[in-house]
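Asks: Chains as they are written, first to last, in the working numbering: chain A, 85 to 419; chain B, -5 to 307; chain C, 120 to 671.
Since the hints were derived computationally from the structure, they do not count as laboratory data. Where is the CB? At the ideal position from N, CA and C, for every residue including glycine. Honestly, I wouldn't trust all of these hints.
Said to hold, decoys possible - Below, a sample of chain C positions facing chain A; criterion: calculated Cβ distance under 10 Å:
hint, residue
1, Q257
2, V325
3, F332
4, T515
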Amino acid sequence: MVRVVSRRLVQLSVTLIALMTLVFFWLRSLPGGPVDALLGERATPQTREALIRALGYDQPIHVQYGHFLKNVVTGNFGNSIRTGEPVTDVISRAFPATIELALAAIIIAVGLGIPLGYLAARHRGRLLDNATIVVTLIGISIPIFFLGYLLKDWLTQGVHLFPPSGRISTGADNTDVTGFFVLDGILTREWDASADALWHLVLPAVTLATIPLAIIVRITRASVLDVLDEDYIRTADAKGLRNATIRKRHVLRNGLLPVVTTIGLQTGALLAGAVLTEKVYNWGGLGTLITDSISGSRDYPVLQALILLAAVVFIVVNLVVDLSYAFIDPRVRVQ
Amino acid sequence: MSTLAEHKRRRIDELTARTAEAGGVSLLRDAGRRLLRDPTAIAGAVIILLFLIVAIFAPLVAPHDPVQRFPELTKDLTVDSVPGATAGHPLGSDPLGRDFASRMIYGARQTLFVGVLATLIGLLFGVLLGAIAGAVGGWVDVLIMRVTDVMLALPSLLLAITLVALASESTQWTVIIAVAVVNVPIFARLLRGSMLAQRESDHVLAARALGVKRRHIVTRHMLPNSLTAVIVQATLTFAVAILDAAALSFLGLGDPDINRAEWGLMLGVDGVRYLEVRPELAYYPAVAIIVVALGFTLLGEGMREALDPKNRR
Amino acid sequence: MRAPRTAIAAGVIAALTIGVAGCAESDRDNGEDQGNASGGTFVFAGAGDPKNFDPIFNDDGESFRPIRQMYETLVTHKPGTAELTGGLAESWSNDPTGKVWTFKLRQGVKFHDGTALDATAVCANFDRWYNMKGEAAQSQMIYYADVFGGFAGSPDAVYDNCKAQDASTAVVTMTKYKGAFPGAFALTAFSIASPAAIKQYDADTVTQNGDSFSYSAFATEHPTGTGAFTYGGWNKATGEITLNRNADYWGEKAKVDKVIIKVIKDENTRKQELRAGTVQAIDFPAPADRKALADEGYEVLERPAFNILYLGINQKNNPKLKDLRVRQAIAYALNRAQLVQTKGPGGSVVADQFLPDTVLGYAPDVQKYDYSVDKAKALLSEAGATGLTLNFYYPTEVSRPYMPNPQEIFTVLANDLQAAGIKVNGVPRPWNGGFKDDVQQFGKQDLHILGWTGDYNDPGNFVGTFFGRPKVEFGDDAMTEMFTAIGKADATVDQAAKRTAFEQVNRDLAAKWLPAVPIWHAPPAIVTTKEVEGLVPSPLTAEEFDTVSITK
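Same shape as in the complex, but just chain A (with noise of 0.2 Å):
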């Protein structure tokens, strides 16, 4: 094991050196960036150039990479041009509003996808089913911008229900301590706060969770229904076993194992749904910060290491599912 993770350590280290290498030579061969975007329109020309020979742009690219690789494998990402804190700082705070939100997406994703596809598939082609299908599938047609608007528009105007944005009522004094809200306020036991930041979880969340809900109980329907149809539950079924019996040993055991994998592989389409996500909601974490240094600002520090971040957390969550994967089911062994 220790092996196994040593070795993807050593992967990891080459591969994210080679993309950040990539990134910054596409990046300088881009039009306009940062020098157009820290300068406002009202600069000089003498301005321009004081600010180009300040961040070194004049230098030769190689001296330029030079600089920048150390920066790299020193941890030093650089400044956000549109706010000038280090990049490391905003991505770190940016990073756990991101969590809260995702892991709240899949355990109303999990919490109800399950169950309504297990139901699904215990009433194979009855209404329930044939209602489950058709909602699933529209769940996965929607564009979930759209569906973050109408429940915006539905939920937070005329009825005050929830609230429009933010992850915090304005002007709330709570105390940051991990950075996740809900949890801060566990552990401060500021239980207000914890239950505000709760409320304003709940749109977000049921937004981000649409499409990982469809697919989930799509999954764990076809799979409960292979399950039933595999001889061994016909067996048991046969041998006159109670239903709950099979239900809990071989039914739900069994199918769960495909359902595992779907809930890793939705974690890509987690961080896909929360960029879209977070600006309906104006929450902020790391979908809003790549919209924000995509878009109108040309961040291109911030860029470069939201991209080498989605690189590494995209290899870690890949390790985590291989090793969670090897320990529900001893078969699979981890190469």
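Keeping the supplied structure of chain A fixed, place chains B and C upon it in accordance with the hints.
Replies: Relative to the frame of chain A, chains B and C by itself:
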């Protein structure tokens, strides 16, 4: 690599296996018969057919030119009120005084264009890479598969967003290509698997024994037989492509030319901006997108199911 | 108060208490400091993150919004206008050469750190700017470089020295007269900061880090000015900047206890938060939403228009554009009245010259180019330019007060040009990802849309900025006669003579030179709830929150 990519791969490979197995004419006919008995697949096919008819005959169906601004519509148009239905304009105006009904109808055409091109470009490069990998084998195969593994690993929309951000120009083509690139690895993997399976199949072995040229075997025998799997995947891809194009528009990274009547663009830009002023500007393209995406998903899933050897009873 | 419901409840109780206190004042004599102490919190939704809080290193409205509440300038504007009035200086005057400026400072003004504002402190600020070291810092002093020409050692530097004649008289001497003064003294970038704090928190240190810069603790944590609000922190996780009422403010103290500037980038979300009651005012509502909000009972405060959108013409790439008749044909081809009617935010007007009518030098009698396709076509054929094809560059990924929706504006204008027989090849470019570069550095375009929001009431700030010197944007050395005329007008010290000179410039710009076509003046707005009173919309988007009160 890892289990995640492994699973994406396995999903693709399964499809490959099914279609490779279904190589025989009788089996394909069998699958076709199953497909015709599947009401959801038929519903999907009907939706797609309608969509295609509207898209192809848009100039005949649409009452007006979709980019022309009409004086009778601009007369009452202001930034905070968009005129509704009037004589000759059944759905009223869009935010620039153009005929909304015509834009919806031409929208089918543009949406088809974006979806088909994104799918086709992805398919073309994917098939090319997959065919090379499958036909050449060796280190070329390993290299191509490694690259597709990495690409498969990234969430599709994120990859598309990054590509748009990294493009130096923003045009409709940036969007199409960004959405297309996401699909390249899927098609590459699909085709390669299918070709590998066939390399060992009887008719290819026979052709080789007869001394038929390698290129001939690849283009005449292996490629056509792999097409079934590719068509199934392309059908599913289409739905994702139009949804991704809409998402890019919403993020302000989509097609910049708002003269173009494309549903994703209409929903992501005007629809969202004028949601309160004229909700129809959002609802109509949204419903159109949902229905068409649904149609392609239904048909794609139906075909996939039909090819599943398990369902062969 | 954490849970919103608790907050609302508390707010209601507080409001009731005030109401009761007002009605039944005679009944209570517990000595509660009524009015001021319970002024409440004013939550204002801004549209973007500020960069930092050191005035001199900023150049954008979102940074200036909080800065303006914490700092003050020597000269300022009368609320709601672009007219100058005394700020930290009660009065100011210049000698006949226009080079020596004397400021009589207000007495008893203290910085937030308790040090006194006197002539030495004012001069310390001027000297700090002039002597700023390092290209990192200098490259971020965008307004300073523009207005003051350069830094110590530069031959173009306008600033010479500042002397404290006595504690309350500062005399600033320039190397030459510049038309920007005294208006430029009111720029938020030239706010006066506490020299002690500047020194203590190492304000001049700006270091390059990767593709951007790090600022000092002064700029990020300890902004120290004289304003009606003091810095209360910036919660970046929630995007909230808190400002506290300055109890030692020299003038009338702020009516609210606290101001929270909440950053909400999406205009739709700003509107929804306003409706949900979580913010009391929003900046830059979507033009489409203004009417609906007004109908629902919100106050829509339109700022007097102080901006301009223009269609720029680059004469370099297509020789036909050097012909005045072709440029006039373009002007005639544009149906600007219809553009204003269909796409203009409430209060927009067609622009017939490059500055709003409130600015000195506005000439009512310029050539107007009313929409006429026939005239356009006639001029084109007369100039032998039928079948003209032009590359029209327009920005994406951006929204500016003068162009809320560039893509729509482009589409309408291009449509008009096509109708007059000019073929348009639209080229969209991301704002920071190529548009500014292509248009202002490389001049790839034939036509483009761009605009400007004025900084102070001076024609040089409008026409001087656009046409006062050769610019790639318009084809560089297109019209030397124009540069000379504007330079001359700008250098006129006597105000009446300056007015006449600029009026002539504006007439010539329209009739003789036409380097661009002015499109519209589009006033941006603020929307507030009914409870907000005393918020005066400023043409310069320079609202001050000390006069704001929350009533019920």
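Asks: All the hints need checking, so say for each whether the structure fits it.
Replies: Going down the list of hints, with the structure as the test:
no.: 1; hint: Q257; result: holds, 5 Å
no.: 2; hint: V325; result: holds, 9 Å
no.: 3; hint: F332; result: holds, 6 Å
no.: 4; hint: T515; result: holds, 9 Å
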